[in-house]
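Respectively, the protein sequence lines represent chains H and E. This note's numbering puts the first residue of the first sequence at 1, with every later residue one more than the last. This note's numbering puts the first residue of the second sequence at 1, with every later residue one more than the last.
To give a feel for the contact side, a few chain H residues facing chain E, derived at Cβ under 10 Å:
| # | residue |
| --- | --- |
| 1 | I341 |
| 2 | Y345 |
| 3 | E352 |
| 4 | L357 |
| 5 | T432 |
Derived lysine-lysine pairs resembling DSS-like cross-links, with alpha carbons at most 27 Å apart:
| # | chain 1 | residue 1 | chain 2 | residue 2 |
| --- | --- | --- | --- | --- |
| 6 | H | K374 | E | K320 |
| 7 | H | K441 | E | K46 |
| 8 | H | K46 | E | K441 |
| 9 | H | K322 | E | K243 |
| 10 | E | K137 | E | K152 |
| 11 | H | K180 | H | K152 |
To spell it out: a stretch of chain E is covered by chain H in this simulated footprint if at least three of its residues, at any positions, have a beta carbon under 8 Å from a beta carbon of chain H; those stretches are:
| # | stretch |
| --- | --- |
| 12 | 313-326 |
| 13 | 350-361 |
| 14 | 371-378 |
| 15 | 431-441 |
Derived by calculation from the structure, the hints in this document are not laboratory data. We treat Cβ as the ideally placed atom computed from N, Cα and C, and that holds for glycine.
Number of protein chains: 2
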Amino acid sequence: MKAVILAAGEGKRLRSHFNRPKPLVSLLGVSLIERNILTLKECNIKDFTIITGCYEREIKEYLGNGEKLGVNITYLHNRDWQLGNGVSAYTYHKNYRQNEKFILLMADHLFQEEVIKNFLKQAPKINQNEIFLAADKDLDKVYDVEECTKIKAEGNLARELGKDLQDFNAVDCGLFLGTKALLNALSQAISQNQYTLTAAVNLMAKQGKVKLHFIKGHWIDVDDPESYKQAEKILLQALVPPKDGFISRTINRKFSLKITKKLAKTKVTPNQITLLSFFTAVASSLFFAGLHPFWGGLLAQITSILDGVDGEIARLKFLKSKYGGLFDSILDRYGDFIIVIGMGYAWYFTAESLLALLICAAALSGIPMSMLFKEKFHTIAQTTYLPEKHDGLFRYLPANRDGRLFIIMLGGILNWIPATLIILAIVTHLQTLFRLFNVRKFL
Amino acid sequence: MKAVILAAGEGKRLRSHFNRPKPLVSLLGVSLIERNILTLKECNIKDFTIITGCYEREIKEYLGNGEKLGVNITYLHNRDWQLGNGVSAYTYHKNYRQNEKFILLMADHLFQEEVIKNFLKQAPKINQNEIFLAADKDLDKVYDVEECTKIKAEGNLARELGKDLQDFNAVDCGLFLGTKALLNALSQAISQNQYTLTAAVNLMAKQGKVKLHFIKGHWIDVDDPESYKQAEKILLQALVPPKDGFISRTINRKFSLKITKKLAKTKVTPNQITLLSFFTAVASSLFFAGLHPFWGGLLAQITSILDGVDGEIARLKFLKSKYGGLFDSILDRYGDFIIVIGMGYAWYFTAESLLALLICAAALSGIPMSMLFKEKFHTIAQTTYLPEKHDGLFRYLPANRDGRLFIIMLGGILNWIPATLIILAIVTHLQTLFRLFNVRKFL
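Assemble the whole structure, with the sequences as input and the hints as a guide.
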């Protein structure tokens, strides 16, 4: 399926603020139109037609034929872009192929990937004589309802649309599944000197031909500096994975999202941050070994925070890679080993105790077991090991990475190194022992 | 598809040796007929008809309705079993359902699982007016050609069959895909007072209705004490996995297969052997720590050998389980940790050196990395990490378990504990480092 992106308007309110065409305004390191293209690419859309108007040259120069993004882009120019977005949308009739359905969206409306995926799942049910429109019923959540196009919906049909509608129960998200019927309605509206997309959709709504898809999830129309900030907020919040560890969720993300927001605007790659996190672990180890446990502990926690940033940047800037995932998980293990060795060294250095050797060894051997167990389970059971499902009450044991590094931070700050190593050894092995007995019922 | 197993004969030559009906003679802990049933079960065959004769009562008592084996067994009795196996095979006409194809085999012919799987893959190509017969062309490999039914084959058709055939190029393995046509041929042969299966197949062969499947892999007709021993040999050899480590293949299997042969006849389970292997590792560690490195080293190698036995018993006696696989791989890691800790303790005890702590820590942290890397790769790439494919020349690094435990044995016997720990630390981390750089091109 092809996607048609309207990028013809002038976007005055953002232009004055950013001094570049609105579709090309960068939001957390990726321009608005690029983010739309890459989000659609994740939904398996590879062919794009971009309708240009005011900034034809700039947009073409910026995106080219799409090769850099791994997609195909063709352009259609609308000389009469000033008349309204209906004229821009109608421009697509030049490329329309018979019986085709296409996605139609605005360059400046951003959607969560899941929203588009769910929308597309319904696409096969739509006939050529109707259209499909994404709408949001959760009006309390919608940002700046005032500015939205309102919809009077009955069941899943739109009865009327308009910016000034008083009697409404949903708003238009600006995401369409277009058909021949839409192009016909646009042509009809234009012949009546009505130049907006809404006018054409209204013609179809009156015939009961506008089906609605009520979205769950986030979207936003980036229109002015306020909505731009709101979009940043939404994108950053969406980076927290649903199955985040307790310490990660309650402490680390507060910092990591701030760092991600800063770094997103630079060219720093996720793998570079993975390396930085690893070197922070090395520094933590050296501080521990040099008998500066306070700084050792603090750096351990920073390691944990940076461990979140690499994934956040990867998801935010469409830089996820399989190699990155593997690189991260192996370097994380090394970081942890090195920190524990630094602590063991410190203990040994002050106490010259054989116990230091043994406890350090126990903690070291416990560290990889959580991941080892989960990965082996995945291979054998061909399903993911989920602590909240498989670990019962033991899921509260701080034996995963965010919990372990938090214990190390506390131990360093309080200068309780022997106790910290003992606790690490206990929680990691206790978790493994429990899993070994408990997992039987799931296999 | 249903399987029909002929178990009607007297089997005199083995009877005198084992003093029980031949189908019930135990071979490496599993009776011949049970092994056939369980091998077919692994090929997704769940319904069985067993044709009894001489030992009706004993076989029924032994197998029951198949519930214990997780299959359904029904019985048909052939009172005239003494006439010949053609009469026994024909007995199945009582249960035959229209247009059915069925597997027909002898209780005392054993096949590798792969042989049956490949045979069954061809089954859909066979029509109701022909039959399909497994044959072996590799006459040098066939055990006791003298005793076999010979086949004169042209292409994949059998032209003539007979025990005394002079001009032959294959032998009959006793594995058939039966059809209505086979039952008809049996009926015709019997009416001509020819009571063997071969006689009926010969009638069809003359009409070009016997298609052959030339097997690759092992099979054997267990007929007398010599072929019984040969069957043991074949089954044990088949237990060595194709992707075995170098030390495992060249040293460990020589011992483990002997142990497996002994233990197969007992009720020892694979998980019990996993535990035994783990406790051997604990003993190895204690000997190292008690400054008896020779015994520590030897026990480490025994750990490695026993690590092979659990899997061998599981495969040999159809006792594989997902839990067993997970239990084994986690306990193996613990065994290794404990041995290395024992060695570190010994070094520390004699040298009181900080270096002992650091090198022991480096070796400890290296041990889980091989498995960790492979499992994570599997999860991310959704394909198995194969050292021979992905590791290049580094596959010869003795960083996998068989190699590591062999190094430990040498180190113990030669009393070179510091050097051993240093080598372990180097090979394990070198392997991981290499993989981390090299794997990029496979992701």
